[in-house]
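Trainee: Work out the full structure: start from the sequences and follow the hints.
In order, the protein sequences belong to chains A and B.
Residue numbers for the first sequence follow our numbering, so the first one is 87 and each next one is one higher.
Residue numbers for the second sequence follow our numbering, so the first one is 87 and each next one is one higher.
Honestly, the hints are just simulated from the structure, not real lab data.
Don't take every hint at face value.
The list treats identical chains as one, so a pair stands whether inside a single copy or across any two.
[Unchecked claim] Straight-line C-alpha distance at most 25 angstroms; calculated DSS-like pairs for lysine-lysine: (1) LYS202 / LYS191; (2) LYS130 / LYS217; (3) LYS189 / LYS217; (4) LYS115 / LYS191; (5) LYS274 / LYS371.
There are 2 protein chains.
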Amino acid sequence: MYQLNEILENKVINNLISGFERSPDQLNKPHESDAEIIQIGNLKLAVTTDSISEEITTGLYDNPYLIGWMIVTVNMSDLAAVGATPIGILISEIIPETFSEEKIKELQRGISDACKAYGTFVLGGDTNEGKNLVLTGTTVGIINSEKSISRVGCKPGDLVYSSGKLGIGNAYAISKLISKTNSLINYKPIARIKECELLSKYASCCMDTSDGLISTLDQLMRLNDVGFEISTDLEKMIDDLGLKYAEDNHIPSWLLFAGQHGEFELVFAIPQNSNQDFLDECIKKRFEPVELGKVIQPKEIRMNLYDVLIPINSEFIRNLPYETKDDVNHYLKLLLDYDSELKKSHNLNFTSN
Amino acid sequence: MYQLNEILENKVINNLISGFERSPDQLNKPHESDAEIIQIGNLKLAVTTDSISEEITTGLYDNPYLIGWMIVTVNMSDLAAVGATPIGILISEIIPETFSEEKIKELQRGISDACKAYGTFVLGGDTNEGKNLVLTGTTVGIINSEKSISRVGCKPGDLVYSSGKLGIGNAYAISKLISKTNSLINYKPIARIKECELLSKYASCCMDTSDGLISTLDQLMRLNDVGFEISTDLEKMIDDLGLKYAEDNHIPSWLLFAGQHGEFELVFAIPQNSNQDFLDECIKKRFEPVELGKVIQPKEIRMNLYDVLIPINSEFIRNLPYETKDDVNHYLKLLLDYDSELKKSHNLNFTSN
Chain A
87 MYQLNEILEN KVINNLISGF ERSPDQLNKP HESDAEIIQI GNLKLAVTTD SISEEITTGL
147 YDNPYLIGWM IVTVNMSDLA AVGATPIGIL ISEIIPETFS EEKIKELQRG ISDACKAYGT
207 FVLGGDTNEG KNLVLTGTTV GIINSEKSIS RVGCKPGDLV YSSGKLGIGN AYAISKLISK
267 TNSLINYKPI ARIKECELLS KYASCCMDTS DGLISTLDQL MRLNDVGFEI STDLEKMIDD
327 LGLKYAEDNH IPSWLLFAGQ HGEFELVFAI PQNSNQDFLD ECIKKRFEPV ELGKVIQPKE
387 IRMNLYDVLI PINSEFIRNL PYETKDDVNH YLKLLLDYDS ELKKSHNLNF TSN
Chain B
87 MYQLNEILEN KVINNLISGF ERSPDQLNKP HESDAEIIQI GNLKLAVTTD SISEEITTGL
147 YDNPYLIGWM IVTVNMSDLA AVGATPIGIL ISEIIPETFS EEKIKELQRG ISDACKAYGT
207 FVLGGDTNEG KNLVLTGTTV GIINSEKSIS RVGCKPGDLV YSSGKLGIGN AYAISKLISK
267 TNSLINYKPI ARIKECELLS KYASCCMDTS DGLISTLDQL MRLNDVGFEI STDLEKMIDD
327 LGLKYAEDNH IPSWLLFAGQ HGEFELVFAI PQNSNQDFLD ECIKKRFEPV ELGKVIQPKE
387 IRMNLYDVLI PINSEFIRNL PYETKDDVNH YLKLLLDYDS ELKKSHNLNF TSN
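Mentor: Quick look at the structure:
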């Protein structure tokens with residue numbers, strides 16, 4: 087079995103929590119769920135915490151409204167992935183002295199708009215002064231259905247979907263961090279709170295794409311001891327703006343799945359025998375998930391690149407940001423080199439046939 | 087009535103939340119409770135979030151074990167003040183690259199030890215890299231009793247208590263920030279989780295002393311439209327180490343109530359007609375609260391300084407850190423000047439009699 091600890095992020099987390107005792111009321115194990123699930127009497131509480139810090143220091147997020155929107159969205163997305171209905175959010179804000187009144191207003195407007203969009207509320211918070219802007223959100227939700235969904239449970243043969251088209255998060259990241267264009271990409275993801283009740287009825291596993299598609303599939307692979315065959319054409323999986331951005335900037339479009347700035351869609355699996363019921367209900371609810379492929383037995387991620395199913399080294403891709411640190415140009419170069427290698431080995435296979 | 091907005095901290099918070107809609111399920115109003123109380127079905131959930139950031143950048147907390155201990159304690163203390171039993175804590179950690187493995191271990195050990203001390207658990211968290219160490223904790227608890235306690239509800243005549251002796255937080259702060267001695271003061275406060283069930287049976291209001299005694303009384307004064315007469319001798323209210331520290335450093339001991347680094351005791355009021363029952367139960371539970379004085383009609387805080395009951399300008403004291411910013415020496419000087427003024431006016435009264 088692929089080890090969770092082969093991924094540096096998992097290893098860091100495992101080290102941090104190694105000395106902690108686990109609550110007997112906690113239903114999920116570490117890594118197995120986008121939010122923590124706690125049994126309190128008859129109630130299943132979902133709680134999750136997420137900070138926005140690196141995104142601000144790197145310059146990825148420099149618009150206060152977007153930062154406000156995102157601190158709610160990233161946390162709501164984790165609730166959505168476990169099928170929870172939000173109760174509200176607590177927000178801690180570390181605000182530098184130099185951050186203007188105008189920017190604070192925009193930050194709060196982003197938070198307020200996002201809460202309205204998700205039908206939820208700011209329950210409370212904390213405010214401190216600090217050298218850098220740091221926001222931490224903690225959401226609380228309730229799981230109403232009998233069955234809760236987690237990252238674990240899919241089986242070979244299950245169909246794999248995304249709740250929407252992918253790639254905009256990484257297109258935005260490249261535009262902000264590398265091209266340094268003032269964001270032609272309008273990045274304002276929406277957590278799939280509305281769709282999660284339907285998903286929790288049918289899905290055998292679910293995880294949000296907060297770290298991009300390949301990271302999501304890699305983590306699901308390690309947790310479920312399965313692989314994924316992503317056979318759908320890239321054009322059907324990537325949203326139009328992302329596709330156009332990749333083309334204009336001569337970036338292989340599949341790299342929009344490799345970067346680790348996601349789009350906060352949900353990736354989930356549906357067992358074949360309930361697929362038709364699921365699709366029927368999607369039509370009724372006007373929900374249009376994107377079929378990506380299927381769960382397979384071999385523990386690998388195969389993607390339909392250049393019209394051939396090619397296994398992807400997702401361990402390399404996931405660990406790359408840790409190894410290249412803050413050097414985003416070097417990071418992108420290594421991804422482009424990896425794409426060239428794949429093409430080379432593919433052409434070799436092709437010509438040898 | 088004294089306005090909440092006369093205090094800069096309250097004003098900042100009110101500005102931040104002015105655009106937010108309030109949850110219909112939230113039982114407390116802003117400022118009225120140390121933790122947020124949410125009704126979910128039959129359940130009263132208590133949630134609260136608190137960050138440790140300024141304490142680290144100023145050098146007040148430089149011991150990783152203490153930082154770990156405190157991120158749990160500050161949050162548990164807020165749960166205690168509303169009479170909640172903890173379910174667990176979520177912790178977001180922003181860790182600088184330069185923070186050693188050894189320090190991370192100590193940080194996590196502090197968290198783990200505090201959780202054990204309070205009989206609670208780390209439920210989950212988030213980790214990010216950042217320029218400065220920032221910790222944000224969010225605790226979740228349950229209020230089991232029918233009646234929940236908040237900061238609001240005390241009446242003139244009620245007796246005022248603290249769950250323990252006070253002043254160690256500010257003695258520690260002076261020793262770290264001004265004397266820059268390597269902390270002869272052993273600061274490791276314990277949130278009053280064990281005592282809060284008893285308090286919630288009897289107390290008409292409750293608030294923790296996270297910002298020091300005078301800030302706590304001032305906020306309770308504004309919220310309850312009452313005053314406080316703190317008639318107990320300083321020697322009985324201040325712990326021995328704090329008293330000795332003040333004496334050795336020629337600091338008037340009552341200034342250990344004025345500074346805003348607290349000791350995480352609970353300040354609460356008990357109606358006179360239930361005071362005997364309360365005290366009887368305290369003896370049974372081996373809980374030794376410190377009687378401070380009583381709730382009074384006039385909206386002022388009178389303290390027994392230099393054997394005379396003197397009204398304290400708590401608005402001035404609370405706003406002083408905002409006005410002197412990071413200049414702790416100037417801050418202490420202004421507090422000492424204020425003490426001199428008080429003494430002068432007291433002597434004048436005394437000689438004119």
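Trainee: Hints first: check each against the structure and report whether it holds.
Mentor: Going down the list of hints, with the structure as the test:
1. Within a single copy, LYS202 and LYS191 get their C-alpha atoms as close as 16 angstroms, which meets the 25 angstroms cut-off; across copies the closest is 40 angstroms, which misses it.
2. In this homomeric assembly, LYS130 and LYS217 never come within 25 angstroms of each other (Cα to Cα): the closest approach is 38 angstroms inside a single copy and 37 angstroms across copies.
3. Within a single copy, LYS189 and LYS217 get their C-alpha atoms as close as 16 angstroms, and across copies as close as 21 angstroms, so both meet the 25 angstroms cut-off.
4. In this assembly of identical chains, LYS115 and LYS191 lie within 25 angstroms of each other by CA distance solely across copies; the values are 22 angstroms between and 39 angstroms within a copy.
5. For a Cα distance limit of 25 angstroms, the shortest separation of LYS274 from LYS371 inside one copy, 23 angstroms, qualifies, whereas the shortest one across copies, 55 angstroms, does not.
Consistency with the previously given hints fails for number 2 only.
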